[in-house]
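A.B. asks: What follows is the residue order along each chain.
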Amino acid sequence: DVKVTQSSRYLVKRTGEKVFLECVQDMDHENMFWYRQDPGLGLRLIYFSYDVKMKEKGDIPEGYSVSREKKERFSLILESASTNQTSMYLCASSRGLGQAQPQHFGDGTRLSIL
Amino acid sequence: RKEVEQDPGPFNVPEGATVAFNCTYSNSASQSFFWYRQDCRKEPKLLMSVYSSGNEDGRFTAQLNRASQYISLLIRDSKLSDSATYLCVVKAAGGFKTIFGAGTRLFVKA
Numbered sequence: 127d128v129k130v131t132q133s134s135r136y137l138v139k140r141t142g143e144k145v146f147l148e149c150v151q152d153m154d155h156e157n158m159f160w161y162r163q164d165p166g167l168g169l170r171l172i173y174f175s176y177d178v179k180m181k182e183k184g185d186i187p188e189g190y191s192v193s194r195e196k197k198e199r200f201s202l203i204l205e206s207a208s209t210n211q212t213s214m215y216l217c218a219s220s221r222g223l224g225q226a227q228p229q230h231f232g233d234g235t236r237l238s239i240l
Numbered sequence: 071r072k073e074v075e076q077d078p079g080p081f082n083v084p085e086g087a088t089v090a091f092n093c094t095y096s097n098s099a100s101q102s103f104f105w106y107r108q109d110c111r112k113e114p115k116l117l118m119s120v121y122s123s124g125n126e127d128g129r130f131t132a133q134l135n136r137a138s139q140y141i142s143l144l145i146r147d148s149k150l151s152d153s154a155t156y157l158c159v160v161k162a163a164g165g166f167k168t169i170f171g172a173g174t175r176l177f178v179k180a
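So the sequence lines, in the order shown, correspond to chains A and B. 127 is the number of the first residue of the first sequence in my numbering; add one for each residue after it. 71 is the number of the first residue of the second sequence in my numbering; add one for each residue after it.
Just to be clear, a hint being listed does not mean it is correct.
Claimed, not checked - Reference listing, derived: stretches of chain B covered by chain A, where coverage requires no fewer than 3 residues with Cβ under 8 Å from a Cβ of chain A:
1. 113–123
2. 129–136
Stated by the list, open to error - Using 30 Å as the maximum straight-line C-alpha spacing, the simulated DSSO-like pairs for lysine-lysine come out as follows:
3. A:Lys144 x A:Lys196
4. A:Lys181 x A:Lys144
5. B:Lys72 x A:Lys183
6. A:Lys197 x B:Lys115
7. B:Lys179 x B:Lys149
8. A:Lys179 x A:Lys139
9. A:Lys196 x B:Lys167
10. B:Lys112 x A:Lys129
11. B:Lys167 x A:Lys129
12. B:Lys149 x A:Lys179
13. A:Lys181 x B:Lys72
14. B:Lys115 x A:Lys139
15. A:Lys196 x A:Lys179
16. A:Lys144 x B:Lys167
17. B:Lys115 x A:Lys129
18. B:Lys115 x A:Lys183
19. A:Lys181 x B:Lys167
20. A:Lys144 x B:Lys149
21. A:Lys139 x A:Lys129
22. B:Lys115 x B:Lys72
23. B:Lys167 x B:Lys72
Said to hold, decoys possible - Just a sample of chain A residues kept apart from chain B, beta carbon distances all over 10 Å, derived:
24. Val138
25. Phe146
26. Met153
27. Leu167
28. Gly168
29. Tyr190
30. Lys196
31. Lys197
32. Ser206
33. Leu216
34. Arg221
35. Gln227
36. Gln229
37. Asp233
38. Arg236
By construction, these hints were calculated from the structure, which means they are not laboratory data. Note that CB positions come from ideal geometry on N, CA and C, so glycine has one too.
Using the sequences provided together with the hints, build the complete structure.
C.D. replies: Pasting the structure below:
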C-alpha cells in the first residue's frame with residue numbers, strides 16, 4: 127500500500143511565523159501535491175512537483191512556497207503565516223505521467239494560525 | 071461555472087437503500103475520472119476509478135457519460151459505514167491538472 131506521511135496532525139502557530147509542513151511518501155512516486163481544504167470550497171491545489179527540484183504553481187500559491195530536494199519528500203512553507211491560512215492541509219502523491227494514475231493522500235495537517 | 075460540480079446533499083437514506091450521485095465536468099478534454107471517499111476529519115481515499123465502459127466493485131458501480139459530460143456513482147444495499155462525503159475527481163489530458171469536486175455528503179441511517 128502507498129504510504130504518504132505528513133509530519134503533524136495538528137499544528138498551532140502565530141501570525142507572522144514561518145511554518146514548515148513536511149510530507150514523505152514511500153512508493154517512489156514522481157508527482158507530489160499540496161492542497162488545502164476548507165468547508166464549502168473543496169480541495170484547492172497550492173503547488174505540485176513532478177520531479178526532484180521541480181515545482182509548479184497550483185491555483186492558490188500566494189503566501190506559500192515549496193521545496194523538493196529529494197524524491198520522497200515535499201515540503202510546504204508558509205513564509206509569514208496569516209490567519210486566513212488556517213486550514214486543513216493535505217499532501218498527495220501519484221505515479222508518473224500516466225493519465226489513469228490516482229493520487230494518494232496523507233492524513234492531513236490541521237493548521238491553526240492565531 | 072465550476073469545472074466539476076456535485077450536488078452537496080446531504081443525502082439521507084435508510085440502510086439497504088440504493089443511492090446515486092452525479093457529477094458534471096466542464097472540460098471535454100478530461101481523460102481520467104475517479105471517485106474518492108472522505109470520512110469526517112480524515113483524508114480522501116480512492117474508492118474507484120471510472121472507466122469508459124462503466125465498472126463495478128462490489129456494491130459500487132461507476133458510469134461515465136462523455137457525451138453529457140458526467141459521471142455517476144451508484145451504491146446498492148447501503149451500509150451505515152457508507153456514511154461519508156464522496157468526491158468526484160476529474161483529470162485533464164496531457165498534464166497534471168486534477169480537479170476535485172466539493173463532495174456529496176451521504177448519511178445512511180439504521
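A.B. asks: Determine for every hint whether it applies to the structure shown.
C.D. replies: Evaluated hints:
1. 113–123: Since 5 is at least three, the answer is holds.
2. 129–136: violated (count 0)
3. A:Lys144 x A:Lys196: 21 Å, holds
4. A:Lys181 x A:Lys144: 20 Å, holds
5. B:Lys72 x A:Lys183: 20 Å, holds
6. A:Lys197 x B:Lys115: Roughly 22 Å between the alpha carbons, so the hint for Lys197 (chain A) and Lys115 (chain B) holds.
7. B:Lys179 x B:Lys149: At roughly 8 Å apart (the allowed maximum being 30 Å), Lys149 (chain B) and Lys179 (chain B) satisfy the hint.
8. A:Lys179 x A:Lys139: Since the Cα atoms of Lys179 (chain A) and Lys139 (chain A) sit roughly 27 Å apart, the hinted pair holds (cutoff 30 Å).
9. A:Lys196 x B:Lys167: 22 Å, holds
10. B:Lys112 x A:Lys129: Judged against 30 Å, a Cα distance of about 15 Å means the pair holds.
11. B:Lys167 x A:Lys129: 22 Å, holds
12. B:Lys149 x A:Lys179: 45 Å, violated
13. A:Lys181 x B:Lys72: 25 Å, holds
14. B:Lys115 x A:Lys139: 28 Å, holds
15. A:Lys196 x A:Lys179: 8 Å, holds
16. A:Lys144 x B:Lys167: Since the Cα atoms of Lys144 (chain A) and Lys167 (chain B) sit roughly 28 Å apart, the hinted pair holds (cutoff 30 Å).
17. B:Lys115 x A:Lys129: Status holds; Cα separation ~12 Å.
18. B:Lys115 x A:Lys183: 24 Å, holds
19. A:Lys181 x B:Lys167: 14 Å, holds
20. A:Lys144 x B:Lys149: Status violated; Cα separation ~44 Å.
21. A:Lys139 x A:Lys129: Roughly 27 Å separates the two Cα atoms, so the pair holds.
22. B:Lys115 x B:Lys72: 22 Å, holds
23. B:Lys167 x B:Lys72: This hinted pair holds, its Cα atoms lying about 14 Å apart.
24. Val138: 16 Å, holds
25. Phe146: 20 Å, holds
26. Met153: 13 Å, holds
27. Leu167: Violated, because the least Cβ-Cβ distance between Leu167 (chain A) and chain B comes to about 7 Å, which does not exceed 10 Å.
28. Gly168: 4 Å, violated
29. Tyr190: 17 Å, holds
30. Lys196: Lys196 (chain A) is indeed farther than 10 Å from all Cβ atoms of chain B, at 20 Å.
31. Lys197: Correct as stated: the minimum Cβ-Cβ distance to chain B is 16 Å, above 10 Å.
32. Ser206: 27 Å, holds
33. Leu216: Per Cβ check, Leu216 (chain A) is inside 10 Å of chain B; nearest 6 Å; violated.
34. Arg221: 12 Å, holds
35. Gln227: 8 Å, violated
36. Gln229: 7 Å, violated
37. Asp233: 5 Å, violated
38. Arg236: The claim is violated: Arg236 (chain A) sits with its nearest Cβ about 8 Å from chain B, within 10 Å.
Consistency with the previously given hints fails for numbers 2, 12, 20, 27, 28, 33, 35, 36, 37 and 38, ordered from lowest to highest.
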